[in-house]
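There are 6 protein chains.
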Amino acid sequence: MDASESGRRILSELMGPDYVEKKDKNRNAFNEAIQQYSEEVCFGRIWARDGIDRKTRSVINIAMLTALNRPAQLSHHIEGALTNGCTVDELKEILLQTAVYCGLPAAGEAFRVAEEVLRTRGLLD
Amino acid sequence: MDASESGRRILSELMGPDYVEKKDKNRNAFNEAIQQYSEEVCFGRIWARDGIDRKTRSVINIAMLTALNRPAQLSHHIEGALTNGCTVDELKEILLQTAVYCGLPAAGEAFRVAEEVLRTRGLLD
Amino acid sequence: MDASESGRRILSELMGPDYVEKKDKNRNAFNEAIQQYSEEVCFGRIWARDGIDRKTRSVINIAMLTALNRPAQLSHHIEGALTNGCTVDELKEILLQTAVYCGLPAAGEAFRVAEEVLRTRGLLD
Amino acid sequence: MDASESGRRILSELMGPDYVEKKDKNRNAFNEAIQQYSEEVCFGRIWARDGIDRKTRSVINIAMLTALNRPAQLSHHIEGALTNGCTVDELKEILLQTAVYCGLPAAGEAFRVAEEVLRTRGLLD
Amino acid sequence: MDASESGRRILSELMGPDYVEKKDKNRNAFNEAIQQYSEEVCFGRIWARDGIDRKTRSVINIAMLTALNRPAQLSHHIEGALTNGCTVDELKEILLQTAVYCGLPAAGEAFRVAEEVLRTRGLLD
Amino acid sequence: MDASESGRRILSELMGPDYVEKKDKNRNAFNEAIQQYSEEVCFGRIWARDGIDRKTRSVINIAMLTALNRPAQLSHHIEGALTNGCTVDELKEILLQTAVYCGLPAAGEAFRVAEEVLRTRGLLD
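Chains as they are written, first to last, in UniProt numbering: chain A, 1 to 125; chain B, 1 to 125; chain C, 1 to 125; chain D, 1 to 125; chain E, 1 to 125; chain F, 1 to 125.
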């Protein structure tokens, strides 16, 4: 299995097969190369590595995406974190810690994004 | 034990008693309040929480401090991560993942900082 | 009066009682701790301090939130600045200065956010 | 021709006369000074300079605005880049390169913004 | 008095005549235009404006430069703030507030920079 | 020629064979994977692409690295830009443009870095 295939499999396990299908339908001549980059480099090369488990990779991403101010991607990776076994309580702890280091506005936005995901999944009233 | 005391104990366990002693010697009328803030809020209020273990807290900090471009604090928290049971291989995996999301310049700087800490500790030739 | 109560009072004076009421209605098991953090640490511990007046604290926040690219929070703190006696002309001066240091895209976005607040308040045609 | 006039002409050539007309209609006592700043300093003073051609200036802006996380302004400058002779393929190459240095989330957002512009212009199915 | 002259006067009042003299000695064909930009746009056009006093302008800059992670420029503007009548206690309050919004690493670095300036000026033991 | 080899060749052409040799001497078990990533992904996969020339790639990097606050990497890529045919005057224009969009502190730092490189190369007195 080459990097692209293995990346697509990981992406599908992480975000669900619908997510990958939707990405494939949106693929065109303009975004083809960045999609390849995402599948081969991000998922096929980095996420595919051993050494830390997927749950830890999700934790790292939530921390980085909060710091980098990227709410759209944060939303996807909160989905991924839940899939990888991160509990709602653990998610809360991670985001609370971002308040001290990234500042309260960053943490507040991350909580808002997380609450949306949790509501969609029926994990929050 | 109040938040300040409990924060100082955690800080001491994380960075070593020498680190805390040095901070205390540098304490003055100007930085007194921010040092209190660090001890009570950061360590006494957030790091003191249950819900995720200290190693996970270290992982989160390494990810955030790399994204936030804060090499001096990253250096301390790489120390802390090693103390909290993060292996050199795990550290490598965390930093590799930052390359994809924060960009190669951020990851390159984080590797440079980490190598310095590892050399000081005799964990890298 | 403890830090939480004093923080809630300041928040209510700054953003209005409706803002606090709405936050309370949105409080749940997931965001409880970050709301406590906001009330106790941000407003009860920092905003509650003497040494600079509230108008100056609003000025600082507008500058930081523009630099940090946080338009949603900037909007709230432009409200707060007006409440704290910042005039429309002073607001204009603060935002103009951000153009030089944070760059024109940051300042342009901050002006856009401020104009929305001013229009809602009937302070701009 | 003074800096303001020359800036307005460049802005009009870059974004189209409708863009300038719309800006003029939105001009008011509050944003007058930042609009002057934009016309005189940004376009009349910097974009008006010789030394590099306008297409290169567009390339620089796309790179900066992706790094700075400013999608609204990025959208305008992708328009400008196309006007200045940047091809769709060149645009793709620029954005791909941002993935390595600014990280994949920044590049992904920039591709999303660019695709919208390209679709509006009929340059992408 | 044109913008350049008026900017140089303000810069001299803010940072001292030695600072301006040193900048002039370092002026060369490569940095001539950015120095002009700094004098005319930053100081001659923005700092020269009425509407808020210079002390408030210094407060804004300290907040922005802490958020933007620019310690070298922060150091100069802490000098300027003291010149503009900002007390050591007020400086402490401003920097404490950055901890909540920009995060503790940003505030810690700003305190470190400020302490250096205060020591050089004999305002801190 | 595989991606790694082709990346190493481009890196050598861009920064000089001494730069690559020095990197190889610093290679160890800890940084091996990030060096591979740099060679294969950054240089072998992205810089190796056709579609824009290397001088344009250098321009993009200077713009991004100034925005991202990464002076050490900026220094290397200013070297690379000169190698790729960017003139001193063009370099000046690029950096001037960053002042408007990234802010004056970012541009000032980038000029400082560039002047060091130019002096080392004998291109500035």
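Think of the hints as simulated: they come from the structure by calculation, not from any bench.
Each hint should be verified, as a subset may be incorrect.
Below, a list of computed lysine-lysine pairs in the DSS-like style, where the Cα atoms sit at most 27 Å apart [claimed, not checked]:
id: 1; chain 1: F; residue 1: K55; chain 2: D; residue 2: K55
id: 2; chain 1: C; residue 1: K23; chain 2: C; residue 2: K55
id: 3; chain 1: B; residue 1: K55; chain 2: A; residue 2: K55
id: 4; chain 1: C; residue 1: K55; chain 2: E; residue 2: K55
Pairwise CB distance ranges (calculated) [stated by the list, open to error]:
id: 5; chain 1: B; residue 1: E32; chain 2: A; residue 2: D2; range: 34 to 42 Å
id: 6; chain 1: E; residue 1: S12; chain 2: C; residue 2: D50; range: 29 to 37 Å
id: 7; chain 1: F; residue 1: R27; chain 2: A; residue 2: R49; range: 13 to 21 Å
id: 8; chain 1: D; residue 1: L123; chain 2: C; residue 2: D50; range: 29 to 37 Å
id: 9; chain 1: E; residue 1: D125; chain 2: A; residue 2: R121; range: 35 to 43 Å
id: 10; chain 1: E; residue 1: A3; chain 2: A; residue 2: D24; range: 54 to 62 Å
id: 11; chain 1: A; residue 1: K25; chain 2: B; residue 2: T87; range: 22 to 30 Å
id: 12; chain 1: F; residue 1: S12; chain 2: C; residue 2: A3; range: 41 to 49 Å
Ideal Cβ placement from N, Cα and C applies to all residues, glycine included.
Structure-based check of all given hints:
no.	hint	result
1	F:K55 with D:K55	holds, 13 Å
2	C:K23 with C:K55	holds, 23 Å
3	B:K55 with A:K55	holds, 13 Å
4	C:K55 with E:K55	holds, 13 Å
5	B:E32 with A:D2: 34 to 42 Å	violated, 59 Å
6	E:S12 with C:D50: 29 to 37 Å	holds, 34 Å
7	F:R27 with A:R49: 13 to 21 Å	holds, 18 Å
8	D:L123 with C:D50: 29 to 37 Å	violated, 59 Å
9	E:D125 with A:R121: 35 to 43 Å	violated, 56 Å
10	E:A3 with A:D24: 54 to 62 Å	holds, 56 Å
11	A:K25 with B:T87: 22 to 30 Å	violated, 41 Å
12	F:S12 with C:A3: 41 to 49 Å	violated, 59 Å
When the structure is compared with the earlier hints, violations turn up for hints 5, 8, 9, 11 and 12 and for no others.
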